[in-house]
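Asker: For reference, the chains in residue letters:
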Amino acid sequence: MSASSAASRPAAAMLGMSIREVSQALRDGRVSATELCRKCINQIQRTLYLNAFITITEETAMEQAQRTDNRLRTGVLKDNFCTENIETTCASSMLKGYVPPFNATVVQKLLDQGAVLVGKTNLDEFAMGAGSTDGVFGPVRNPWSYTSLYREQSTEDPDSDWAITGGSSGGSAAAVASLSSFLALGSDTGGSTRNPGSLCGVVALKPTYSLLSRHGLIPLVNSMDVPGIMTRSVHDAATVLRILQGRDERDSTTVQAPSTPPSLPEHFDIRDICVGIPKEYHAPGLSKDTLAQWSRVADMFEQAGARVQEVSLPHTQHSIVCYHVLCCCEVASNMACFDGLEYGHCSKVDSSTDAMYATTRHEGFNSVVRRRILSGNYFLLKSNYKRYFVKAQQMRRLIAEDFKNVFRSGIDVLLTPTTLSDAARYSDFIQEDNQTRSAQEDVFTQPVNMAGLPAVTVPTALSHRGLPIGLQLIGQTLQDWKLLTVAQWMEQKVNFPIIHLHGESNERELNRSVRERTHTIGS
Amino acid sequence: MFCKCAARASRALRPAHPRCGVLTLPALSNTVSGSGTFWSRWTCKRESSNSAWNSKVPQAPTWEPIAENQLPPPDLVDKLERLALVDFGSKEGVDCLEKAIRFADQLHVINTDGVEPTDSVLEDRELYLRDDMVTEGECAEELLQLAKHTVEEYFVAPPGNIPLPKREERSAMLKHSEF
Numbered sequence: 001m002s003a004s005s006a007a008s009r010p011a012a013a014m015l016g017m018s019i020r021e022v023s024q025a026l027r028d029g030r031v032s033a034t035e036l037c038r039k040c041i042n043q044i045q046r047t048l049y050l051n052a053f054i055t056i057t058e059e060t061a062m063e064q065a066q067r068t069d070n071r072l073r074t075g076v077l078k079d080n081f082c083t084e085n086i087e088t089t090c091a092s093s094m095l096k097g098y099v100p101p102f103n104a105t106v107v108q109k110l111l112d113q114g115a116v117l118v119g120k121t122n123l124d125e126f127a128m129g130a131g132s133t134d135g136v137f138g139p140v141r142n143p144w145s146y147t148s149l150y151r152e153q154s155t156e157d158p159d160s161d162w163a164i165t166g167g168s169s170g171g172s173a174a175a176v177a178s179l180s181s182f183l184a185l186g187s188d189t190g191g192s193t194r195n196p197g198s199l200c201g202v203v204a205l206k207p208t209y210s211l212l213s214r215h216g217l218i219p220l221v222n223s224m225d226v227p228g229i230m231t232r233s234v235h236d237a238a239t240v241l242r243i244l245q246g247r248d249e250r251d252s253t254t255v256q257a258p259s260t261p262p263s264l265p266e267h268f269d270i271r272d273i274c275v276g277i278p279k280e281y282h283a284p285g286l287s288k289d290t291l292a293q294w295s296r297v298a299d300m301f302e303q304a305g306a307r308v309q310e311v312s313l314p315h316t317q318h319s320i321v322c323y324h325v326l327c328c329c330e331v332a333s334n335m336a337c338f339d340g341l342e343y344g345h346c347s348k349v350d351s352s353t354d355a356m357y358a359t360t361r362h363e364g365f366n367s368v369v370r371r372r373i374l375s376g377n378y379f380l381l382k383s384n385y386k387r388y389f390v391k392a393q394q395m396r397r398l399i400a401e402d403f404k405n406v407f408r409s410g411i412d413v414l415l416t417p418t419t420l421s422d423a424a425r426y427s428d429f430i431q432e433d434n435q436t437r438s439a440q441e442d443v444f445t446q447p448v449n450m451a452g453l454p455a456v457t458v459p460t461a462l463s464h465r466g467l468p469i470g471l472q473l474i475g476q477t478l479q480d481w482k483l484l485t486v487a488q489w490m491e492q493k494v495n496f497p498i499i500h501l502h503g504e505s506n507e508r509e510l511n512r513s514v515r516e517r518t519h520t521i522g523s
Numbered sequence: 001m002f003c004k005c006a007a008r009a010s011r012a013l014r015p016a017h018p019r020c021g022v023l024t025l026p027a028l029s030n031t032v033s034g035s036g037t038f039w040s041r042w043t044c045k046r047e048s049s050n051s052a053w054n055s056k057v058p059q060a061p062t063w064e065p066i067a068e069n070q071l072p073p074p075d076l077v078d079k080l081e082r083l084a085l086v087d088f089g090s091k092e093g094v095d096c097l098e099k100a101i102r103f104a105d106q107l108h109v110i111n112t113d114g115v116e117p118t119d120s121v122l123e124d125r126e127l128y129l130r131d132d133m134v135t136e137g138e139c140a141e142e143l144l145q146l147a148k149h150t151v152e153e154y155f156v157a158p159p160g161n162i163p164l165p166k167r168e169e170r171s172a173m174l175k176h177s178e179f
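Chains as they are written, first to last, in the working numbering: chain A, 1 to 523; chain B, 1 to 179.
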């Protein structure tokens, strides 16, 4: 990055900077930690209509900013990460008012590195969903539906025409996309970080399962959950990954991180890379815009000298069914801990333990959660166990084997769409139920969770509706760094635009910084 | 063993076009269709430009359709509600379960004979087990504070060993509950 061009950037454009750029600005004294924190909080206040936040920790953030040195990064966390003394709700009535007495490991790691937490973000209740529409605090709105570009397309009232963020980490994606935060943590079980990342035009990384600790991340599916990282640049995602990765004594499913250099390589020869295009990822419903981007980027790799090859992951089509069964089963088990006794909501009914449990769970869980629990219990019945749960586990092995075979044949990364299309309008999205939508929206993302592989979505362009389209790169297990290296190359070539929220007073300054930015990246 | 509600619900449950059947719809085409198949709901309606596609990227969907399975209705509504201590809530809830089961039945088209079930993707990894020594704790007070009903160092529960009320009584109980 050229220091001189960064120095000439006006203060108002600070929010659109990457972590690297803003750290430089802090070091150069062009902005102070408290000023920056104030800007972020003001931006959050300006964009409250997005409903991305459940809790805004303004006071503690400003306090932390005052105490911090120049390493400040403001961050937001999906509200299923336990934060000490800060309410953690999972967007559910079950946990409204629940204040954890501890920080999740990844949260503690961020705080130890000088990150300042400005808020807890909105999500689908207990991370179940692909829209961020089914939480108890209401749906999150996609910031890109508030740009002039989108407004020009639409003939309707903006209040009825807005698009969803995707889910379940929609609030986190919206916060990063709307420049309220430099980084956000989400969680990814079947695509919950990559899906909203793609629909909101941000970089969203799902690290290899076992690389990041899940301690303190309220579990959905223990064998698939990972904390996800959302930033506005691949370089920033790598920076955060480096901080968060590593074995945790409190999470026995973590492994030692591979040794990682301080940053991604500046110079990298794409001709060394072989990119696989899995043909099964052209699924029914793939939009023309997304298909065009997939093709465009495949071309890009090929023209730059990388080997690009069609491959097959034969069990792809069935992966979503397998995911559905395993997810419901593990959910049924995990949600059993919510009985009202030790924490969370407790019903007033006290005629018997069972009556209290049943009423508490009826009152605390929305219908999406309840239905998944019931489905899971069905699949786990003794008479069904082998037919569904074990069968799904067998299928899972076949899906993981598909990936192993492809990588063994010399492929370095796979290039696929992340979602079927750009973000749907909320009014369209809610025409089908959560289960249906999840089955549709997670098709490209959940096979990765089944195999435990790392994957990242990189925004590539805007659709004809002015909404972001992202593409997914999938890497080999524990090769997150290599994956991000390729992702950074891709990011530098696609030139995804910066967001201009409608009615921004500093729009002109942001325009200038877009031009500067596109020259400074990669130099 | 049917309970009345399930019987009533299940007789009504045979939609001609299951909504969640991604894989059960007949058409493979990716074009906009008037019949409202969800695939095409948000497909770009503009004419595509004539730019050359990368030849490695398939131009049409590659999935094969799967025939719908017939399935006995769930006769376990009451049993599941007792096991899960969660209620279906409404006929819609039961419908949802049937859809979920029907969706899950697609698993059975794949032959998995001789395939080992996967418990964890970490099965080949040697995971770290810490020493069996207490290194932290002494936080009883903090934890007790999170609960609604406690007495000294105990969590307090209503009397146990009382079976959950019958389904009709349960519905009444839930209706009167706080929310």
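Careful: at least some of the hints might be erroneous.
As the list claims (entries may be wrong) - Calculated cross-link-like contacts (lysine to aspartate or glutamate; reagent style DMTMM-like; alpha-carbon spacing at most 25 Å): (1) A:Lys109 x B:Asp131; (2) A:Lys109 x B:Glu169; (3) A:Lys288 x A:Asp269; (4) B:Lys56 x A:Asp350; (5) A:Lys348 x B:Asp78; (6) B:Lys91 x A:Glu363; (7) B:Lys148 x A:Glu84; (8) B:Lys79 x A:Glu363; (9) A:Lys96 x A:Glu58; (10) B:Lys166 x B:Asp105; (11) A:Lys382 x B:Asp131; (12) A:Lys382 x A:Asp350; (13) A:Lys404 x B:Glu123; (14) A:Lys404 x B:Asp113; (15) B:Lys56 x A:Asp299; (16) A:Lys482 x B:Glu123; (17) A:Lys348 x B:Asp131; (18) B:Lys175 x B:Asp105; (19) A:Lys96 x B:Glu142; (20) B:Lys166 x A:Asp299; (21) B:Lys166 x A:Glu249; (22) A:Lys348 x A:Glu363; (23) A:Lys348 x B:Glu141; (24) B:Lys91 x B:Glu138; (25) B:Lys148 x A:Glu310; (26) B:Lys148 x A:Asp350; (27) B:Lys56 x A:Glu84.
What the hints assert, rightly or not - Only part of the chain B face toward chain A is listed, based on derived beta-carbon distances under 8 Å: (28) Trp53; (29) Thr112; (30) Tyr128; (31) Asp132; (32) Ala140; (33) Tyr154.
These aren't lab readings, by the way, just hints derived from the structure by calculation.
Predicted model, so just to flag it, every value in this text is computed and none were measured.
Ideal Cβ positions, reconstructed from N, Cα and C, are used throughout, including at glycine.
Asker: Next step is simple, just say for each hint if it's right about the structure.
Answerer: Here's how the hints hold up against the structure:
1. In summary, the hint linking A:Lys109 to B:Asp131 is supported, as the alpha carbons are separated by about 23 Å, within the 25 Å threshold.
2. Restraint check for A:Lys109 and B:Glu169: the C-alpha separation of about 50 Å exceeds 25 Å, so the hint is violated.
3. For the hint pairing A:Lys288 with A:Asp269, the CA-to-CA distance comes to about 31 Å; that exceeds 25 Å, so the pair is violated.
4. For the hint linking B:Lys56 to A:Asp350, the alpha-carbon distance of about 64 Å lies beyond 25 Å, and the restraint is violated.
5. Between A:Lys348 and B:Asp78 the CA atoms are separated by roughly 23 Å; this keeps the pair inside 25 Å, and the hint holds.
6. Distance check on the hinted pair: B:Lys91 and A:Glu363 sit about 18 Å apart at the alpha-carbon level, within 25 Å; holds.
7. Between B:Lys148 and A:Glu84, the direct Cα distance comes to roughly 19 Å. Compliance with the 25 Å bound is thereby established for this hinted pair.
8. Note on B:Lys79 and A:Glu363: the hinted pairing holds, with a Cα-Cα distance of about 20 Å set against a maximum of 25 Å.
9. Simply put, A:Lys96 and A:Glu58 have alpha-carbon atoms about 19 Å apart, close enough for the 25 Å limit, and the pair holds.
10. Between B:Lys166 and B:Asp105 the CA atoms are separated by roughly 31 Å; this puts the pair beyond 25 Å, and the hint is violated.
11. Proximity of A:Lys382 to B:Asp131 is assessed by CA-CA distance (about 36 Å); at most 25 Å being required, the pair is judged violated.
12. Under the criterion of a C-alpha separation no larger than 25 Å, the hint pairing A:Lys382 with A:Asp350 is inconsistent with the structure, at around 31 Å.
13. Proposed proximity of A:Lys404 and B:Glu123 is supported: the alpha carbons are some 14 Å apart, at most 25 Å.
14. Distance restraint check for A:Lys404 and B:Asp113: the Cα-Cα separation of roughly 20 Å lies within the 25 Å cut-off, and the hinted pair is therefore satisfied.
15. Simply put, B:Lys56 and A:Asp299 have alpha-carbon atoms about 9 Å apart, close enough for the 25 Å limit, and the pair holds.
16. Between A:Lys482 and B:Glu123, the direct Cα distance comes to roughly 23 Å. Compliance with the 25 Å bound is thereby established for this hinted pair.
17. With a CA separation close to 42 Å, the supplied pair A:Lys348 and B:Asp131 exceeds the 25 Å bound.
18. A distance of roughly 34 Å separates the Cα atoms of B:Lys175 and B:Asp105; the hinted pair therefore is violated under the 25 Å criterion.
19. Using a Cα cut-off of 25 Å, the hinted pair A:Lys96 and B:Glu142 holds, with the two alpha carbons roughly 18 Å apart.
20. A C-alpha spacing of about 64 Å is found between B:Lys166 and A:Asp299, which places the hinted pair above 25 Å, so the restraint is violated.
21. In summary, the hint linking B:Lys166 to A:Glu249 is not supported, as the alpha carbons are separated by about 46 Å, beyond the 25 Å threshold.
22. For the proposed pair A:Lys348 and A:Glu363, the alpha carbon gap of about 10 Å is at most 25 Å, so the pair holds.
23. Using a Cα cut-off of 25 Å, the hinted pair A:Lys348 and B:Glu141 holds, with the two alpha carbons roughly 23 Å apart.
24. Our distance criterion of 25 Å between C-alpha atoms is broken by B:Lys91 and B:Glu138, whose separation comes to about 48 Å.
25. With a CA separation close to 58 Å, the supplied pair B:Lys148 and A:Glu310 exceeds the 25 Å bound.
26. For the given pair, B:Lys148 sits about 12 Å from A:Asp350 by alpha-carbon distance, which is consistent with the 25 Å threshold.
27. Straight-line distance between C-alpha atoms of B:Lys56 and A:Glu84 comes to about 50 Å, which puts the hinted pair past the 25 Å bound.
28. With its C-beta approaching chain A no nearer than about 5 Å, B:Trp53 sits inside the 8 Å limit, and its interface hint holds.
29. Using the Cβ-Cβ criterion of 8 Å, the hint placing B:Thr112 at the interface with chain A is satisfied: the shortest such distance is roughly 4 Å.
30. The restraint placing B:Tyr128 at the interface with chain A holds, with a minimum CB-CB distance near 6 Å, inside the 8 Å limit.
31. Checking B:Asp132 against chain A: minimum C-beta separation of about 13 Å lies over 8 Å; hint violated.
32. Because the smallest distance between the Cβ of B:Ala140 and any Cβ of chain A comes to about 11 Å, over 8 Å, the interface hint for this residue is violated.
33. Because the smallest distance between the Cβ of B:Tyr154 and any Cβ of chain A comes to about 10 Å, over 8 Å, the interface hint for this residue is violated.
Violated hints, listed in ascending order, are 2, 3, 4, 10, 11, 12, 17, 18, 20, 21, 24, 25, 27, 31, 32, 33; each of the other numbered hints is respected by the structure.
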